[in-house]
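K.L.:
Chains as they are written, first to last, in the working numbering: chain A, 622 to 704; chain B, 411 to 797.
If you are wondering where the hints come from, they were derived from the structure by calculation, not from laboratory data.
The structure displayed is predicted, hence computed values, not measured ones.
Glycine is no exception: its CB is placed at the ideal position from the N, C-alpha and C atoms.
Errors might be hidden in some of the hints.
As the list claims (entries may be wrong) - Which residues of chain B face chain A? A partial, calculated answer using Cβ under 8 Å:
1. P602
2. T604
3. A688
4. E691
5. N694
6. S695
7. I699
8. A700
9. R702
10. V704
11. P705
Unchecked claim - These stretches of chain A come out as covered by chain B in the derived footprint (C-beta under 8 Å, 3 or more residues):
12. 638-647
13. 678-688
14. 698-704
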Amino acid sequence: MTEQTEQEARAAVYAAIRQVAPDVDTDDLDEGARLRQDLELDSLDFLRLIKTIHEATGVDIPERDYAVVTTVRVLITYVALHG
Amino acid sequence: MPALGADTEQGSVVEWLVKPGDCVHRGDMVAVVDTEKADIDVESFEEGVVAELLVEVGTTVLVGAPLARITQTPAAEVEPTVPTTSAPAPALARAVPVPGFVSPPMRQLAHRLGIDTDALHGTGKHGALTRADVEQAAAALSTAEQPPARHRPPAEQPSAPAVTPLTVRRVRSSPLARRVAKSLGVDLAVVPGTGAGGAVTEADVRNVTTAPPVAEPAAAPVIAPTAGPTAGPTAAPTDAAERAAGLLRAIGSLMARSKKTIPHYYLSTTLDLRAALAWMEQYNSARPIAERLVPAALLPKASALAARDVPEVNDFFTEGSFQPSAAVHLSVAVAVRRGGLVAPAPHDADTLPLEVLMKQLRDLVSRARGGRFLARINELLQNPEEL
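Bound conformation, chain A alone (with noise of 0.2 Å):
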């Protein structure tokens, strides 16, 4: 995983997080906060980020792979390994 592979994995994240999320400030995120608890994505919110998330990256999240992406720092990183 380049660096810059990160990078655009962690734009598309925080996009995707901005539009599902719009009070969350991902200037200041901490990366180790949780999709459901602390960011408070309810199901719904998740599958319409995870979407977002496929249309500008390709990355296809299938469902057996929910229970894994449970934080910012993983999803950004499950993006950037599959991108």
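Given chain A, work out where chain B should sit, using these hints.
P.N.:
Quick look at chain B alone, frame taken from chain A:
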């Protein structure tokens, strides 16, 4: 001005979606109204031609004030018909999502061009109807006949040439986006919207000022104050706080009234969801993200079927007796980000195929989370006994 909540006394028109000469049908969205609780799309409950808009954008009027005059299609004049009654309406408890595929501007455009949106297949997100879809259908239709003539208003009505709608872009936008656009001198018509129904969001406006209009939001910086993950919106915190307070006031007042007038009882049970979840996983594995289900769609569907099968739990208490309801309108509570709750109700949830219910839920959640949803005002005003 319809009553949009038990304690709503006034509202302001933030956008007209129709103009004099336009044909409207029952259920067509005609205006966006700003209340303390949210921007609400107001539907017409009459069919006819818009004769006159009585309230200018930005004007605040009291509940009950006429917003527009609609004349019936052939000749008969009917006095003000866009929501004018002052009957208090707990609209929020009964707000209903529109299936997400036709955004209001596209509905209006299709309507003006005489296109039946039901017959079109959208090519946008979630099968949403895009401008190109509508224009293509209009072009196809115009080879056979002159479509605009079908909805031509009476001759004396001022009406724009039929081609105008193609060049005028009606812009859906949030109040915050409009304020920011105004302060930055941005014309909303040139901002590509990424919000619900193509609405222009504040971020979209800022993107335009910092990047070419075609840039992905991801590429453009968003100006925001530094704060924790749950911080408020990026501008006008005082305004946001006021809105939040207004929202809570409206919720409190509606809930108090509901508890006072409706007998409450609570049923609960424990379900083994393994079979359902295994089925859902199987269903989802073969589908793109946009078509996948979540358990939050299975449970309301199951509840709706239960309410259909056991009508005793689906009735109204009126005039001292319980009256069974013929339909299952399922209210779903959705938490609003930054506090609050709205409870829109997909109609006929028992008969909706699961994927349709899922679409409606997805749409209503994204509206509710963004502070926008549609109030089925006409229905409320026409059936005040249901309130």
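K.L.:
So, A688/B near chain A? Judge it on the closest CB pair being under 8 Å.
P.N.:
violated (12 Å)
K.L.:
Under the criterion of a CB-CB separation shorter than 8 Å, is N694/B in contact with chain A as hinted?
P.N.:
holds (5 Å)
K.L.:
Is the hint on R702/B kept, meaning its closest Cβ partner in chain A is under 8 Å away?
P.N.:
holds (6 Å)
K.L.:
Double-check E691/B for me: the hint is only fine if its C-beta lies closer than 8 Å to a C-beta in chain A.
P.N.:
holds (6 Å)
K.L.:
Three residues minimum, CB to CB under 8 Å: does the stretch 698-704 of chain A make the cut for coverage by chain B? Let me know.
P.N.:
With 0 residues close enough to chain B, the hint is violated.
K.L.:
Would you settle whether the hint for A700/B is holds or violated, based on the nearest Cβ-Cβ distance to chain A being less than 8 Å?
P.N.:
holds (6 Å)
K.L.:
Please verify that hint: P602/B, Cβ, nearest Cβ of chain A, below 8 Å or not.
P.N.:
Violated: closest Cβ of chain A sits about 13 Å from P602/B, beyond 8 Å.
K.L.:
Does S695/B pass the interface hint, meaning its C-beta sits closer than 8 Å to a C-beta of chain A?
P.N.:
Since the shortest Cβ distance to chain A is 7 Å, the answer is holds.
K.L.:
Double-check I699/B for me: the hint is only fine if its C-beta lies closer than 8 Å to a C-beta in chain A.
P.N.:
Holds: closest Cβ of chain A sits about 4 Å from I699/B, inside 8 Å.
K.L.:
Verify the coverage statement for the stretch 678-688 of chain A against chain B, using a C-beta to C-beta distance below 8 Å and requiring 3 or more qualifying residues.
P.N.:
holds (count 5)
K.L.:
Let's test the interface hint: is any C-beta of chain A closer than 8 Å to that of T604/B?
P.N.:
holds (6 Å)
K.L.:
The hint names P705/B as touching chain A; please verify it with the least Cβ-Cβ distance against 8 Å.
P.N.:
holds (7 Å)
Checked against the numbered hints given earlier, the structure breaks hints 1, 3, 14 and satisfies all the rest.
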